[in-house]
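Trainee: The lines below spell out each chain.
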Amino acid sequence: MEIPVIDVRAQHRIPMGKAFSLCLKGIAHRFLRSLLTLMVIVLAVAFFMSLLCESFFAHAVGLGIDAENLQERSSQRFFADWFEMVTPIDMAKRLVAAASLPGRPAEIAAVTKASPAEVDALIAGATDEAKIMRFFTNLDAGSRAALVGNTANEDLYALLTPDDAWNDFSGKLKHLYALQPPMPMAHFRAVILGHVDLTARIATLAGAWQQAVIGLGESVAEADLGHGRTDYQALFVRGDSAQLAQFYTLIKVRGFSESPDDIALVHRQLAVSARQQEVRERLQSDAAHTAWHTQFLEDPAIDVKMASLNDARVVDVLEQHWTQAELAQVSRLITEGDRRRTVERAVDDRVSQDDGEKSLLSSRQAFLLAISFVVCMVGISNAMLMAITERFREIATMKCLGATDGFILNQFLIEAAIQGLAGGVAGMLIGFVLSVLKCTAIFGTYLYVYFPLLGVAGAGCICVAAGVLLSTLASIYPSWMASRMAPMEAMRIE
Amino acid sequence: MSTDSPMDYDHAAYAKGKPILVRAHRVKKTYIRGAETTYALTGIDLEIFRGEYVCVMGPSGSGKSTFFNMIGGLDSPSEGRVFIDEVDMAQLNAHELAFLRCRKIGYIFQAYNLNTVMTALENVMLPMTFAGVHGDEARARGMALLARVGLADRWSHRPKQMSGGQQQRTAIARALANRPSLLLCDEPTANLDFASGGEVHRILRDLNRDEGVTIICATHDHKMLKVSNRLVEIENGRIGRIRLSQDITIHGGSLGSDDEGGDAHE
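Here the protein sequences line up with chains A and B, keeping their order. The first sequence maps to residues 1 to 494 in our numbering. The second sequence maps to residues 1 to 266 in our numbering.
Pulled out of the complex, with its shape left as it was, chain A reads as follows (with noise of 0.2 Å):
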């Protein structure tokens, strides 16, 4: 037999189909063993998916509701900003609100008969003077103490409108180079100046706007719709809609518009509110008041006691004075109030609002996260290292065979990777699994009927490739010290 002469070549490249089904073989028998990895990856995944999940239904659920609340929402601004007692500070308020609110301006103008070109002064300096403590409030507290000392907000303007202690705190703000003033110091001083000036006429506004408002509940009297009283809620419970279609008439007449649309939407709201204050004080009004009539309406959660009426003592008091159809029906609205305000105050606490901005996953969510990848990767890792020691002799007799590190680099990364994508798909679903359980227990129907299928489709492929990547990362140096495994191991006895 002829020997042909030895020609040394660089070894042929093995290509990517033959290497990946090579340690598809491999990962099928070493399954169980794999399982251990992978429950990593799965807990990880499962954890950022059930985060990601959790932060889209509640975005899509508060969206939904607040779609639906729309209307409830404009109404209750209507009655919060027409009907309750406005001091002036609730007025500068207002006034800087207004800035922003296309319209609102002009309504002000139209209540408190102040010229608009008042009322838009009104409104700059009330800008001003909130821009100036927000920068005072925003301080660190040494800046603050060396600018100001310990002086209260309510105090500054007095502090400040003498000259020399002006000079003075300008002198130190121009040394404390990280601080921008709020505002050129020449206008920063007018608005300081100007403090007291501009406290007396918004005093004055807010003035005017009570006596409008006083007006308006004159006026309902003088139409004499049947009470004689200028109790608004009471109007809108009691009245029947002949005497409801008078009152809009009259408000707006006054100035005000809103749709009758809205107007239903407060009605129900204040025939809600005005029934819960109603069992409250038929319950506190009661005769038999007993001690745990006391503990009953101290308790925070009356409300929700109240809504279930399930307590035969409550109802026992409340039959005295309604009739069953009268309870069944305030024990309705109550609920259903009640059901909306938990799933918004669910919603408001799941998603993070930081002036306005919306972001999928909280500070404290995302450190956790990164705590649990590190964990994850550390722990891919170990396994990895531990899977290439107990398979030192494979890996040694496999470079015996002619196997290149970088095959073997392969070999492991494409398992890694497989790893990954299986733990990323189960974590996915187990993470998805959970986290609508858990978001049905907070809201209930909504999550169905708001599902943001999008959302959650792209937070599954971002957790898929979450797991391949982690998985991947971890695997990058076990696969290298095992690529770098010197053959002559195969060699070695046990």
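Check each hint, because a few of them may be wrong.
Covered stretches of chain B, as calculated for chain A (at least 3 residues, CB under 8 Å) [as the list claims (entries may be wrong)]: (1) 37-49; (2) 67-81; (3) 94-103; (4) 110-116.
Note that these hints are calculated values from the structure, not bench results. Beta carbons are placed, not taken as given, at the ideal position from N, Cα and C, and that holds for glycine.
Since the structure of chain A is provided, determine the placement of chain B on it from the hints.
Mentor: This is chain B only, laid out in the frame that chain A set:
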């Protein structure tokens, strides 16, 4: 060659006309671990000819394994050179070494080192994959090799379903996958019973005799010596003695020498 030659025979006459396949030239290997220096090999000169069947013996710690790794291209010497077919292995890069191991050298291990998740046929085909031989050709060649070692009907068995002798025969088939010109066997029969060991001997002998495969075999098995051409004894990191196998008398299951590494399996 040094003047105090370890050879007990007329080497010049023996070597005449034989092409050299493996040449070790003043091979030394030192391991330095911290302050401690271990001299595993202290200078080995050896020529192995094409078609030869050489047995290597030596007590454990003698440097036998280190020497074995050197000529198998698994380790590099600290000093000196190893040539395979006049190719200096130190000159080869990682890819060329892989090429060499893949096609020119077949390795047979004491512990068989079969891939436990693959069938016998897949094990045999693995080196072909590394050599770029795929599909039906690889399958046909793999089956032929399994038939050659008498395991044609066991091609679908996994290592765990086979006896030690069958595993070692599979390993031999795998070592032959890319038609190597050199077969390196590291105590191939040490883990086998008498009958299985005999089977392995027969296969190796036939390979050497009929197909001219050069075999270098580390062993303590005297049956192996009988079919080999030369016996190299390594002691303390150097070659103690080289003899022609025909000059060795074997009696009573032990060698006619002071070697204590007798055949524990008999």
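Trainee: Hint by hint, note whether the structure agrees.
Mentor: Status of the hints after comparison with the structure:
Coverage of the stretch 37-49 of chain B by chain A is violated [criterion: at least 3 residues with CB-CB distance below 8 Å; count 0]. Beta-carbon proximity to chain A at under 8 Å applies to 5 residues in the stretch 67-81 of chain B; the threshold of 3 is reached and the given coverage holds. Check on the stretch 94-103 of chain B: 9 of its residues sit with their Cβ under 8 Å from a Cβ of chain A, so the three-residue criterion for coverage holds. Closer than 8 Å: that is the beta-carbon criterion, and the stretch 110-116 of chain B has 5 residues meeting it against chain A, so the requirement of 3 holds.
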